[in-house]
Amino acid sequence: MKSLTEHLFFRTESRREFINITPEVEDLVEKSGVKEGLCLVNAMHITASVFINDDESGLHDDFEEWLEGLAPHEPISKYRHNRTGEDNGDAHLKRTIMGREVVVAVTGGKLDFGPWEQIFYGEFDGRRKKRVLVKIIGE
Amino acid sequence: MKSLTEHLFFRTESRREFINITPEVEDLVEKSGVKEGLCLVNAMHITASVFINDDESGLHDDFEEWLEGLAPHEPISKYRHNRTGEDNGDAHLKRTIMGREVVVAVTGGKLDFGPWEQIFYGEFDGRRKKRVLVKIIGE
Amino acid sequence: MKSLTEHLFFRTESRREFINITPEVEDLVEKSGVKEGLCLVNAMHITASVFINDDESGLHDDFEEWLEGLAPHEPISKYRHNRTGEDNGDAHLKRTIMGREVVVAVTGGKLDFGPWEQIFYGEFDGRRKKRVLVKIIGE
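Protein chains in written order, with our numbering: chain B, 1 to 139; chain H, 1 to 139; chain L, 1 to 139.
Derived by calculation from the structure, the hints in this document are not laboratory data. Misleading hints may appear alongside valid ones.
Chain copies aren't distinguished; within one or between two, either way the pair holds.
[What the hints assert, rightly or not] Using 30 Å as the maximum straight-line C-alpha spacing, the simulated DSS-like pairs for lysine-lysine come out as follows:
(1) Lys2 - Lys78
(2) Lys35 - Lys129
(3) Lys78 - Lys110
(4) Lys110 - Lys35
(5) Lys35 - Lys78
(6) Lys78 - Lys130
(7) Lys31 - Lys78
(8) Lys31 - Lys129
(9) Lys78 - Lys129
A quick note: this is a predicted structure, and the numbers were derived from the prediction, not measured.
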C-alpha cells in the first residue's frame, strides 16, 4: 500500500471565501503514485470546510446568502460560544452545513470525478492561518 | 490490495426522488471480493446526493418538505445560479444538506450496517442522466 | 493491509447529548497497529451522528438551539414519520445536518488532527442502546 500526506495552507483576506483547490489535489494524487485508492481532503480547523460543488460564481453567492440566513454572523451575542471571546460562533455552524471533508475515488491515477465536480476550501472565519490535509492511500 | 470501480446510472421521471440502492451496492461488494475494507458511494453530479437513512416513506416525505423549506425551488429568480439559464439553484443547496457521499465499512465481505441503515440516491434535478460511483478498496 | 473493526456502545440518559469519543478512537488506532491509513467512525443508527468540532460547552448549546430551530421536536404530529408510532422524526433530520460519519487520516500511528478537532457522538433520540462503528485500514 502506498500513502501520501500533505498540507495546503491558507490565509484568506476576508472572513468568508471559497477557493477551488482541485488543481493542488490533482497534483498530489499524481505525486503519490497511487493508481487505485481513496483521497481524503479535510479542513483541519473547525470553522472551515472542504466540499465538492460547481465552480460557478453565482452559485457561490447563493451559498453565501443561504448560509448567512441559516446561521447569521450577527448579532455576535446570539451565540454562547462567542462568550469565550470569539466572534465565530456562526462559522462553526456554517462549516457543519458545508461539511468537514470529502473522500474522492482515485482511478487510473486520477481523481474520479463527474463532469462538474470541483473541490473547494470553504473559509468561514478567515484572516488566520489555516490548513487542509490531503491523505491518499492505495496502490 | 483489491479494488473495484463501478457506476450506477439513473434517469428519474420526476425532479426529485429518493431511490434505495443498497442491493446494488451489496452486489458490488460481493463482486469485489473485498473482505475487510472501505466502500465509497458518491453522486458524480452536484445536484444529487448519496445518503444513509431509514427506508420509510413517511420519513422521505418529511425530508422532501423540510428541504423545500430550507431551500425552496421557487421563485427561480431567487438564485443567482439560475441566471446561467438553469432552474436548479435549489438542487445544489438541497444536495449540500443531504451530502455527496457515504463511506461504509466492509467487514467479513459485507456492508457493515446498523439495523436500519440503507443507502439512498437522492435526486434533486432529475429527468437527466446521472451517475453514482462505487469504489471499494481492501483485502 | 491491516484492519481493525470495533464498536462503541451508548445509552444516554437524555434524548439529546454530545459525547467526546476522541480518547476511545485514539486507543483503537493504537490497538490497530496502523501507521498510515484511514479511520472511519460512523453512527450505526439513523437518529445519531458522528461529527468533528470543538469541545466547548457554549458551542454545544448553540448546536442544540440551532438544530431545534431547523428541525423542531414538536409538534410530534408535524412529521409523517411519527405516524409509525415513533416520536423521532426530528432526530432523523438533525442527524442529517450533523452527519453520519467522519473519515480521519492516520499518520505516524496517530489521528492526524488540527489543533481543536475532536470527534463527537451526537445522540438525537437517546435512552436506547446505540452503537458506533470504528473501522481502521492501512499499514
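The hints, checked one at a time:
1. Taking the shortest alpha-carbon separations for Lys2 and Lys78, neither the intra-copy value of 47 Å nor the inter-copy value of 47 Å comes in at or below 30 Å.
2. Within a single copy, Lys35 and Lys129 get their C-alpha atoms only as close as 32 Å, which misses the 30 Å cut-off; across copies the closest is 27 Å, which meets it.
3. Within a single copy, Lys78 and Lys110 get their C-alpha atoms no closer than 45 Å, and across copies no closer than 36 Å, so neither meets the 30 Å cut-off.
4. When the C-alpha separation of Lys110 and Lys35 is checked against a cutoff of 30 Å, the pair qualifies both within a copy, at 7 Å, and between copies, at 25 Å.
5. Neither within a single protomer nor between protomers do Lys35 and Lys78 lie at most 30 Å apart by alpha-carbon distance, with minima of 48 Å and 43 Å respectively.
6. Proximity of Lys78 to Lys130 under the C-alpha cut-off of 30 Å is restricted to the intra-copy arrangement: shortest distance 25 Å within a copy versus 33 Å between copies.
7. In this homomeric assembly, Lys31 and Lys78 never come within 30 Å of each other (Cα to Cα): the closest approach is 46 Å inside a single copy and 43 Å across copies.
8. For the homomeric pair Lys31 and Lys129, the shortest alpha-carbon distance inside one copy (25 Å) is at most 30 Å, but the shortest distance between copies (33 Å) is not.
9. Only within a single protomer do Lys78 and Lys129 lie at most 30 Å apart by alpha-carbon distance; the minimum there is 26 Å, versus 34 Å between protomers.
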